[in-house]
Every structure is written in C-alpha cells, then in structure tokens.
Amino acid sequence: MPIDWNKYDTGPFHDELVETSGRPRGYAKELCKFIQNLSDVELQEYKAGADSAIKVMGITFRVYNDEEGSIDRAWPFDIVPRLIELKEWQQIEKGLKQRVKALNMFINDLYNEQNIVKDGIFPEALLTHSKNFLPQCKGVTPPLGIWAHICGSDLVRDQHGTVYVLEDNLRVPSGVSYMLENRQVMKRVFPEMFKQYDILPVDNYPSDLYDMLAALSPRNIPEPEIVVLTPGIYNSAYFEHAYLAQQMGAELVVGDDLVVEDDNCVYMRTINGLSRVDVIYRRIDDAFIDPEVFNPESTLGVPGLMRAWKSGNVALANAPGSGVADDKVVYSYVPQIIEYYLNETPLLSNVPTYRCVNPDEKEYVLANIEKMVVKPANESGGYGMLIGPHASAKEHEAFRQLIKDDPRNYVAQPMLLLSTAPTMVGNTVEGRHLDLRPFILSSQEVKVTMGGLTRVAMIKGSTVVNSSQGGGSKDTWIVDMEGS
Amino acid sequence: MLSRVASNLCWLGRYLERAENTARLINVNSNLLLDLPKSIVLGWEPLVDIVSDRTAFYAIYDVADEHNVLRFLLHGPNNPSSIVSSLEFARENARTIREIIPREVWEQINELYLYGHENYSKALVRRSRYEFLTEVIESVQKITGILAGTMTQDEGYHFLKIGRNLERADMTTRIIDVRSASLLPETETEQSAFENLQWMSVLKSLTAYQMYRREMRLRIRRPDVLKFLLLEERFPRSLLHALQEVGRCVQTLPNYAETKTEIERVEKMLMDANPQSLIQDKLHHFIDDVQLGINHVFNKLEETYF
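Residue numbers (my numbering), protein chains in the order written: chain A, 2 to 485; chain B, 6 to 311.
There's no promise every hint is true.
[Claimed, not checked] Quick list of in silico lysine-lysine cross-link-like pairs, DSSO-like style, CA-CA up to 30 Å:
no. : chain 1 : residue 1 : chain 2 : residue 2
1   : A       : K48       : B       : K147
2   : B       : K147      : A       : K56
3   : A       : K405      : A       : K395
4   : A       : K88       : A       : K188
5   : A       : K56       : A       : K188
6   : A       : K372      : A       : K132
7   : B       : K127      : A       : K48
8   : A       : K405      : A       : K132
9   : A       : K88       : A       : K34
10  : A       : K461      : A       : K30
11  : A       : K448      : A       : K98
12  : B       : K147      : A       : K188
13  : A       : K48       : A       : K461
14  : A       : K196      : A       : K448
15  : A       : K56       : B       : K127
In short, the hints are calculated from the structure, not lab data.
Could you put together the complete structure from these sequences and hints?
The structure is reproduced here in structure tokens:
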C-alpha cells in the first residue's frame, strides 16, 4: 500500500513536514509527493539501500550494554529527510552565532576579571560550586579569547513551531560526522530528490574545521601539525574521531603517541623520532587530559599537556575549562549573558528553566515535578534525567530527595511538546519526535553548519533522541525555495 | 608518520595476506583430495601445522579430519590465525588507521570481514567451499589493487607492503617445510604420479603452477619446484622476491641500515645454501634458519620504528 498522507496524524504536535493530515507544508510538497508515489517494494528497496550503504561504509556507533560489554551498532538512520527553509534557517544561524560569541566572552571573563560576577549578573556561589570551572585555567586567555571553538547546540521546536535552544555542548560535542555521512547515504540512495530541491551542501565542514584549527597554531608556519586526540577505538565516538582526522588529513593520535618534553612543547612519536605538535583537537574530557593536573589515574591523556597549553606552545580545542558554560544552570543565564556582553536582545529563546538553587523556584519544581523534566547540571547523553510525565510516583519522590540534597545540581523545565517528522515504520510513515544539533565553529569569524544533525526518537511517543539511548537520525535539508 | 600507525599498517598487511594464504591453502588441499586415490591418505593435519600449531588444535578437537580442520582454519576458537580472526584483526587495525588508508579500502576490508564472518560455514561444505574461498582471495587481491592504485606511495604504503611480504615469505617457507615433510619418501627411481601431484599442490598453494610451467618447461620435480619457490626473483610469491621487496621498501624509510643488514643476511643464506639440492632433514633445518632470519628482520623493524 503506498503511503497515504491523509492517514498521517500529526496529533497535538508541530510536524516538520505536514501541516495537518493530507496537507504537506509548502516546502515539503515535492518530497511528500515523491514518497507517496513509491510502492511498498520501492520503499523497502530504498530502506535496504540505505542500510547496506551504512553497513558497507562502516558507519557505526558504539553502544555500552551491561550484558554484552560494548558493541558496534550500525548507525540507525531514517530515509525520510527533515526539511527546513533557508529563510528560517538564516534567522536561527544568526541567533546561534550571537549565542556562542557571548558564551565565549563569558568563559574568558570567568577565568580572568570575572566582571559579570562583580556586576552582580551571575551569582558567585554558582561559580564556586561549578564542577566544570577549572581553577587551573585562571589567568589564561587563549588566542582571540576563544575557548569553545566547536560548539554543538541542541534546538527543539514546540507545538507552536517556535524554536528553542535546549542546551549548549561546549566540551566535546559529537555527531558532526553523522551529519556528513547521512548526506552521503542520501546521495547514494535518493539521487532523484537532489534534482528536485535546491539543497544546501554540508560538505565543507571538515575544511572549515581545519582552517579554524590551523588558525590556532602557536607557530606561524605554513603547515602546522594538527592532531585529533581520541581516547581510542573503544570510545563511543571513535568513528567520528577517525572520520574527522581522515577528512582533515590530520594525524589521529591516542595519549601514548604524545609526549611533553622539558621545553613544555608537545611532540608525537613518529618513525623519524619526535615531531612537534601545534594544535590538538582533543576529544577527551578535561578530567582525563593531563594526569599531572587532573585525574592521576588517567591513561588516556598526556602528562604535562596543561603546562604546554598554558605556556602557549600548543593550542587545545576546545580549551580546557570551556565546560563551565556547559552547565545546565549556566544555561539558564544565557539570555542575561548575551545582554551583558553584547548589549543585544537574544535572537533565540531558552526553554524556560527553573533553577533549584533558588528556593522559590525549587519549591515550584518540587510541587510540580510530575509535569517537569529534571536534569542534573553536568551530565550529558541523557543520563540521570527525570521525565516527570513518564515517571512513576516512586521516581518522582527519589528525584525530590536528590534535589533537596543538592539543589545546585538540578534544573527543571516544563515538558515541551517536541515537534515530529514523518519517519518510516514498516511500510508506512508515523510521526516521531526530533531535535537538531547544529555545529558552530569560532575563530576570527563564526561559522554554522548548514542545518546540523537531526536526531530522532525512534520509539513511538519517546522524546529521548540521544544515540547512547538508542535514538536514530535523519538527513537535514536546508532548502532554498526561492532559488528554485 | 606515527610509530603506532606504522605498526598498524604493517600488521594490516600481514593479516590480509594471512587470510588470503590460508584460503589458498584450503582450496588446494580440497582439490588435491579429489585427485588422489583412496589408498593414499592425505591428511588435513599438515594444514594445521602450516598456519598454527597442533597443541592449539588438539585442545579443542580429537581428530584432525576434514571437518574439524576446516572449522579450525576458518573460524576456530583458539586459533588467532583463522581466516575470520585474521580478517577481524585486519578490520580492527584498519579501523584505528581509517584516516590513513583510502576510504574504499576501509569499506572493502569492512565488507570482507562481514562476508567472512557471515559466510564461513559455506566452506565447510565441499559444494560451496570454492565459492567462499575464492571470494576471500579475490577480495584481498582487490584491496591490494585499490591500495596500489589509490594510495600515495609514502612510508605508510611501504609499511603495508613490508607486512604483506614478510607474511608471504613466512608462509612460503611454512608450506614448503610441511608439504615436503609429508610427501612420500624420496627415491632415486621414477617418481610416482602421486608425488608429482603433491608437488603440484605445493605450487598451486602459492598460485605458482602456471608460472613454474612457463619458466621451467620441465616436468614437476622436487629440486626445480624448490628452486622456483625459493629463489626465482621474478615470481612474486617466491621467498627471494618477497625478501627483496621488503628490502626495497625498507630503503625508503629513515634509519634503515640495520634492518637492511638483517634482510641481506637472509638473502645471502638463501643464495649460498643451494636449497634445491638439500635432502629432507637438511631442508627442514635450513628452513628453520630462514624463519629465524625473517623473525630477526621483523624484530629489527619493531625496534627501529614501532
């Protein structure tokens, strides 16, 4: 049975492709028509084509599982793309640039003058209790004052279609390789659609990343040595580390490949002996990068790396300590941060956020916990969260206790009705919730990917899109409807 | 080039070559079996000796029959040299150096591993054995071809070739050693047709039969076969050729002098010994020495670069 858009039910949600049953949005008309004209056999062929492309291309994601240890899973991918019009995207892009610019100024201020604290905008108590504020970074100003060179911000849309920033990932955001690979898969599987639409390309990300990293080099030489530092093949994002290194022509290194000598410079062990390294795109968390300074047990990092970085002999992206702004309590201050540093009105909204550290907000959260999403300040990957409406009374009570014990560590947000998009389920389409993670590169100028990684909650009704929790993804098309 | 990457590339070359050689070996033995009369018992055990050791095999199996040996060589637990294990190691190595090797090569290796993993049981059945083994051999050949056609011939490429040729040299000596030992006793008189067949199988394990024919224009005789497989520098799977390839690659690397000396030592041993005329016992000792020499070359590489 071919797909019948009249039977597609958007429910109470905003759907990315369909206004109401049977009425695709203007920019999605061609796509919906194309899909509707496919027979069951054709649909299965497209799906099988995508699956086999993913398998052959070796696009995997490592999933940790108690029973089986860790296993490589093929990247779960949905063949129906998610479309956004260029006009709308350009507004979002402006908002992201503004946001990341302010966040970088904020981080630099925190590690130096702390004017925002002195001026009473950002409470000092939050800073002293921040897990990700690293005193070891005080007094440092990296080149151009930029700390978070690569930021991945998560965007969602509510039932009215309004876009919100859900969180900013400023430590080691991942997923960009899947954005790039999704496009490759779509080109192999759906070449017809690329004729129909003016789809803006995403392929230039690796060269933008390279240029940004090269600009950080402490040595002014034509070909600085850039390396990608990975925890190794057992890391869930190893695929991405290797992919980016390959795309940039950079060396992919593990901690043992690097050494810091007495001159406070970083070297890598090569078949010619030691060779100087200028820029490290590190994909290892702060706590593990340098056992001399942080976790002494860590075997992933490089002893002396912080010395080398502080001496200005090597650039680290992202800079250590950037995670201070990756805190969900800090997140709630971003609108004020933008106003404070840029004197501008924020172009993108935050999801309203209650900070349990403030007694009255805490009381509100405790009283309404069954309606809210409660998040710990410094976790990522969807761990340690409470989704109030889906949780049991026992879980509500457990979280109430957690909040009372450590109010600084929790924020809560009203449950958003996340937008959906048609997603293949068997031989038909059903709405599934999704979000979007664009990647923002900052150096002399700020660049945003054309779209980003759309993550989909593959399970009906679920809003958890993290790949570590079994989510999947879609290709994201920024379409220029005026050009075509 | 990073030392770790150089080491990975070298091992990648070895594992791929090992998978291919093991597939060739099984293929030839299977064919030979069809040609020999029932009265001559050609065991499968020699194959275990060639790629691994008996202890590992008999830790799991009681008898070295066709089925057990094949299981062991294809996917055997306890056998890190099995085809599937070799492909798995190759894939893990390739995965850690994905940024170095051309993308098509990674895809081919990944695909070959998946194929091997999912289809090895085909080779247990005589009817579909040839298909499986040929697929493995051809896929490795394809990978070698893509590498030759698309990878910059820099140090990394040379490390791959070094690995491939060291493995090849090692395998060629193992095949000769085990096969010549398990052949019929040497006689001065007219050779039996079956011994002839067995020497042919040695040549065929190394895909050397046709080239031998063109080169030697002689009937299959032990000294000529040995001479061809050990000393023919123009034949890509002969011991001397493999060693010379390693030597040529090493010369493109920094600080190669000591490794080169080790290689020359083995080459000289080979030239001086006149191995084709050695009787079985002496040949066996000679091959032991050559294998030791190959190990020294590898150790020297490890010491210098990895």
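For each hint, the structure was consulted:
no., hint, in the structure
1, A:K48 <-> B:K147, "holds, 28 Å"
2, B:K147 <-> A:K56, "holds, 19 Å"
3, A:K405 <-> A:K395, "holds, 16 Å"
4, A:K88 <-> A:K188, "holds, 24 Å"
5, A:K56 <-> A:K188, "holds, 16 Å"
6, A:K372 <-> A:K132, "holds, 28 Å"
7, B:K127 <-> A:K48, "holds, 28 Å"
8, A:K405 <-> A:K132, "holds, 18 Å"
9, A:K88 <-> A:K34, "holds, 23 Å"
10, A:K461 <-> A:K30, "holds, 24 Å"
11, A:K448 <-> A:K98, "holds, 8 Å"
12, B:K147 <-> A:K188, "holds, 25 Å"
13, A:K48 <-> A:K461, "holds, 19 Å"
14, A:K196 <-> A:K448, "holds, 27 Å"
15, A:K56 <-> B:K127, "holds, 22 Å"
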